[in-house]
Structures are given as structure tokens and as C-alpha cells.
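**Q** Produce the complete structure using the sequences and hints provided.
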Amino acid sequence: MAKRITIDPITRIEGHLRIDVEVENNAVSNAWASCTMWRGIEKILRGRDPRDAWLFTQRFCGVCTTVHAMASVRSVEDALKLEVPLNAQYIRNLILIAHALHDHIVHFYQLSALDWVDVLQIPKADAAATSKLAESISPWTRNSRNELKAAQDRINAVASSGQLGIFANGYWGHPAMHLSPEVNLLAFLHYVQALEYQRKALQVVGILGSKTPHIQNLTVGGVANAIDLDSQAALGTDKLEMIRTLLAEVTQFVQQVYFVDVCAVAAMYPEWFKIGSGVRNYLAVPDLPLDSKGSAYDLPGGYIRNGELGDVKSFKTASDPVFRQSVSEDVMHAYYQGEKALHPWMGETEPAFTGWDGEQKYSWVKAPRFNNEPMQVGPLAQMLIGYAQGHALTRKYTDVAMEKIAAIGGVRPNPAMLHSTLGRHAARAIRACMLAELAQKHWQLLVDNIAKGDYTVHNQPVLPSHEVEGVGTHEAPRGTLSHWVVIKDEKIKNYQAVVPSTWNASPRDRSGAHGPYEASLLHTPLARPEEPLEVLRTVHSFDPCMACACHAFDPSGQKIAVARIL
Amino acid sequence: MKNILIGGIGNVLLGDDAVGPYVIHLLECSYRFDHSVEIADLGTPALDLTHRIAGRDAVILVDCIASKDYEPGTVLLIRKDDLLRAMPLQRLDPHSPALAECLMTANMLGAAPEQMLLVGIVAQSYEPGHPLSETVRGAARKAIDAILEELQPLGVEFKENPSPGEPSTWWSNDLELCSRTDC
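Taken in order, these protein sequences are the chains called A and B. The first sequence begins at 2 in this note's numbering and counts up one residue at a time. The second sequence begins at -5 in this note's numbering and counts up one residue at a time.
Check the hints yourself; a few may be wrong.
[Stated by the list, open to error] Keeping only pairs whose Cα atoms sit at most 25 Å apart, straight-line, the calculated DSS-like set for lysine-lysine is: (1) B:LYS(-4) x B:LYS62; (2) B:LYS136 x A:LYS201; (3) A:LYS212 x A:LYS240; (4) A:LYS294 x A:LYS314; (5) B:LYS(-4) x A:LYS212; (6) A:LYS442 x A:LYS240.
In short, the hints are calculated from the structure, not lab data.
**A** Following this line, the structure appears as C-alpha cells:
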């Protein structure tokens, strides 16, 4: 095997978000969100058996495989009017919760905390003082001086080596960073611990789903988990106990670490409650069904227009008639053919690439609209819709968050201040606490139902020969996900996925209305326009994931050594 | 006994991007390995790759590569130290963390695998729903040779499967086949 050493670009990335901003007087005056790669995955589903669709859809994305599998089986079940047995609902709910907890933890620590935390200030921190500070805000037992010192040593090693590695791209020393060295150190310790706890959440997905990424236990009509309390091969006492322990550990991390850290960041950057609002129309779907029909849910859904919490409308079911009728996708500024905004069941995905032109077409993301208006989706939408409806669990953790922020920072925010960049982070942490509590509940519901002697996990689907339509929704970590399927002659006639990041990263529509990312960036002050940390803070607060929208290799790459096999 | 991961990376729905998963499925069909080796289709794992590689003695990843400088089907080998020298991506889309970033994260934690090799195959096209191009499929054997050569000094025991099956490529089966319940 001969080799030759040469230099070549190489980087894999999950899709490609591009943000263009115009800056006047050190503030954003115009913004465009675009996606740089085509997504045409739905087209390959046409003609296939609808019972197979979920295996394909969970390959849309590498990060959120589970959510696309779930929305897909739900869309077919909706079309077939097929009920899902209780055990299957609870098992699915546990998977969805565990995946979401994993996702929210990773989002905050690994993917956005370093917008607020200055890693290069950590060497200046006093580990003993940090430990004392930590004790004053949380009962977490892993904030000891020794753990903090070990975390500080890691950063010292990185900083003194001159090779910043994973930290090479941060805006360290930026004037918009102003946490004390001690708070920076504490957050970094939790960044390291988060890697451990997000993995525990993922293990729950793996135990129930048989594999992660790409769960294998779904089926249209239920799940394929055999239940036998005495068997180690099936879902039995051993595995249920393992799941309970893992969920308890993750819950403790979420409530004592993640939630507290978000409150602390919010308390120390209060100016960010006034930045990053944008689109104040919010949309969320009910999720975590409590019965086989899907008529009662643990998470509420509905919509709010223009930030009017008093006028909140609720969705009774996950495929509420209002939701079914009101969604359309506009391609005026997206690289697709078509004149009118189309309902997803009529949706088309025919490319018409023109190159980036901010006045005309500039993104591969379509512009989804709800009653022709852009909507913000995600934890903030779900939290506000739940809060406005008086949903007890949402109120409980929202109130705890407000008090915690007040206790640390001295100023008590009100729910109206949550229309902001910090509001999105706070809402995600609030949602994580709610989900952690619901994880215990759904585990107990599953165990109690099995104890009654109900081992049913599946209802057999029957495909009709006439044409049927269905929508499957899931309130995913990034917000409302919907899969829309049309079935004819036992085959898929049309399939469209309207994903959360499509709602949020949407380009302008034919009326010129900005999508949520774009709108949220307008008027953002920039301390150093050449280092737009503030833009990153707001964009990251949405937890963008273009992976479902598209997928790409970075064309501009690295100069590193490559051996070629001749 | 060593702890070794051989992982295929790529989106199976996007033409030649499926080559990573394809190669590891082919490897699984063609050889039997001792218990030191875990073989996994990792999809496009973003940051989740970190805990898949952390703490291992050796990691071999098979992935496809975008390149203007090499012909499609060229097999390239890239080692750990070179991946660590790459510049991490600007974190605009927070789900961008990729192979190099995951290795850097593991390295920062002191848990990078002792040895890591990326076996890359230069792709021809990423058309959604298209099967692997013949050129790229034809390079799979070379990629497997590179994997086996990497395994030998690690003391891994393996033997050829006397009756190798065809690797499952359910994602590119034609529509008739795919409506079967077992595909």
C-alpha cells in the first residue's frame, strides 16, 4: 500500500447556516438567515411503503434522529386513525424526554455557553472562592475545590500550550464578556460534567431504542419492545431499574446545575433580556400523550400572536384541525420553483438555485407560515403558551426561575422580559426541569400499567386503498416538528417535513416579513462589529440545527497532512 | 484486551455520503473480529461522536471527503495529530461540531483515543436518494485494506468470513424491494 503525503481540505459539517447582517452605528440594521445546501430528501419517500418512512426520516439529521422517526410514525398513525397502546405511548414519551434532556444539556454547555463564558479568564480564578460561591447557589455536591482545581488545570494546560484546540475560535476578551473569573471557572467545570450527564440521558434512549443514533424500536402502531419483567433480553425489571437510576441522575444535574447556571448567566447579563426579541408570534403543539387516542397530554400546545399572552389559543390535540389547516410554505425567497405558498400536503420541493441575492432568492430553507404569519417555535414558545394557559408545571418552574434570577442578580424579571435572547435560554432550562419531572411520572405510569398485566405494545396498521392524509407532530427540542404524509394505493404519494429550524431560520416571505432569526437580530448592538459575538449569542439562543434542513461538507477547508493510498 | 472502534460516518440518504456506513457494513459481512473491536454505523453524529471516541485505545473512522484536488474514489488517510491541527469551525450553527472538533474536545479532557485514523473516500455526488456511485463503491475494498492494515499492529484477531453476505444497503434498495417488511 503506497502512500503520498499531501495537503487537502477536509471538514464534515451538519448543514450550513449562513447569517448576513448589515451594521450601521454599531447596531444591526438588516439581517438575512440562509441555508447553503439543498434539502430534497422528502422526494425519495414518494412511492415507498408508509410503514418504512420513519427509517428514512430519522436519517434526515445526525443530531435529532429520534424526533424524525417519531413524527413520521405519528403522521402515518394519524392518516390511518390508528391508536397507540398505552405502553407504547409511555415508552415513546420516555425516549422523547431522554433525548430532549440530552439535547438541552448539550445545547447550553457545549454549543452556547462559551458565548457568555470567557475561557481565558479561568486561570485567574480562585478555586476556593469559586467553591464557596457555588455552595451559595446550589446543593450540587460536585462543586468541590478539588473538582474545580482539576478543571482549572485543564484550561491552564490549554492556555500555556499556545494551542487552544477546541477553544481556538472563541471571542475571548471581548468587551461583551463580563463574568468574574470564578463564575467562568464554575461554568467550565459544568461544561465538563455536562458531557458525562448528557451521555446518561442518551443511554436511556439507547436502552429503550436498542441503538443510538437511529432508534430501532418504533413501528407504525406502537413499539417493538417486548415486555417481560423476568427477562434480561426484553424490557424487564433490570432495564426499567437502570432507566430509573439514569433519569434520576440526569434530573439532579438538570435541576441543580443546568437550571442554576442559566439563572446565574441571566442574572449577570440582564441587558440581554432587552435584546433579541424579534417575531412575537409563538407556536407549539401538545406532546407527551397520556392515553391511546391522543386526547390528553402532559405538555400543552397552542399559539400566541404579537406577544399577547392574554389571547393565547390552545390546541386540543397534537393534530388539531386549526394546526392542520393553517400551515403553508412560501418559496418567494427560497431556491425553489413555485408561485403560491403551499400547504405541506400539496408541497413541492423542486429546486431553482439562483445564487445568494438578498433582494430575491437567498436560502434553501422554505418560509413556513401559520395563517400567513411567521412563527417562533422552540422552548420559549412552549413555555409562554403553557404559562399563558395557566399550565401548572410550566408556572411552577417559571416562577422558580424568576425567583432564582432575582436571588442571584437582585432584579426579578417578569414573563414579558422573556421575549429575548436570555428568555430563550431560560425557557429551555425551565422546559428541561419540567421534562425531568415528567420523566419520573412517565416511568411510573409505564411500570404501573405493566403491573396491571397489560403487555400490549402494538396495534396492527391496515393501509386503506383510498387516499388518506395525516400529520404527525412532535414538540422537539428546537420546537414544533410536523411530518405531513399523503398515502394512496398503500404507497406514499407525498411527504413533507416542516422542521423547527425551518420555522425559525425562515427567510422573508412574499410580504417581506422576516423569519425569527432575522427579526431577532435587528437593532442588536455590536461592541466590535468585526467580532460579532452578539449576533452569535442571539442566533445560538434558538439552538439552530440546519442538519435537517440540509447537509454539507465545508468547501473551504483545512491545510493538514493527508496520505493518499495509491 | 484493547478497546477499538471502527465507525462509519455519513448520511445514507445522500448518494456517496453513504460510503462510510457502506464500508463498515461490508467489513462486518466480510470478516469476523475478536471482542476488542466495536463496529458501528454512526450516521452523522455531530458532537455525540465525542463520547463514542473518548477513552478508546484506537479509533478508525470511515467517512467521505469533499475534494477538488483528488479524483472521486481516491482513498485518503488522515491521522490524529493532523486532525488536532485543524482549525475548529466558527460556531455559527451550534450543531456544526464535527469529527475534528469532537477529537479536540476529547483531547482537552485528556480522553482522546491513543491512536486515530480517518479513512476518507473522495465523493463524486451527494444527490438525495441516489445509490453510491460505481467509482466510490469500487474504492470500498481499498478502504477495508487500510482498516485491516491499521488493525494488525494492534494485535486484533480477525479472519475472513467463509460465506460473506452482501452488505445491507436498505436505503438504496429499489422501491419494490423496500416495501417488504424486512428491509
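**Q** State for each hint whether it applies.
**A** Against the structure, the hints come out as follows:
The straight-line distance between the Cα atoms of B:LYS(-4) and B:LYS62 is roughly 37 Å, outside the 25 Å bound, and the hint therefore fails. With a CA separation close to 37 Å, the supplied pair B:LYS136 and A:LYS201 exceeds the 25 Å bound. With a C-alpha separation of about 14 Å, the suggested pairing of A:LYS212 with A:LYS240 holds against the 25 Å cut-off. Restraint check for A:LYS294 and A:LYS314: the C-alpha separation of about 22 Å stays at or below 25 Å, so the hint holds.
A threshold of 25 Å between alpha carbons decides the hint, and for B:LYS(-4) with A:LYS212 the separation of about 23 Å falls inside it, so the pair holds. Only pairs whose Cα atoms come within 25 Å are accepted, and A:LYS442 paired with A:LYS240 is accepted, the gap being roughly 17 Å.
Hints 1, 2 from the earlier list are contradicted by this structure; the remaining hints agree with it.
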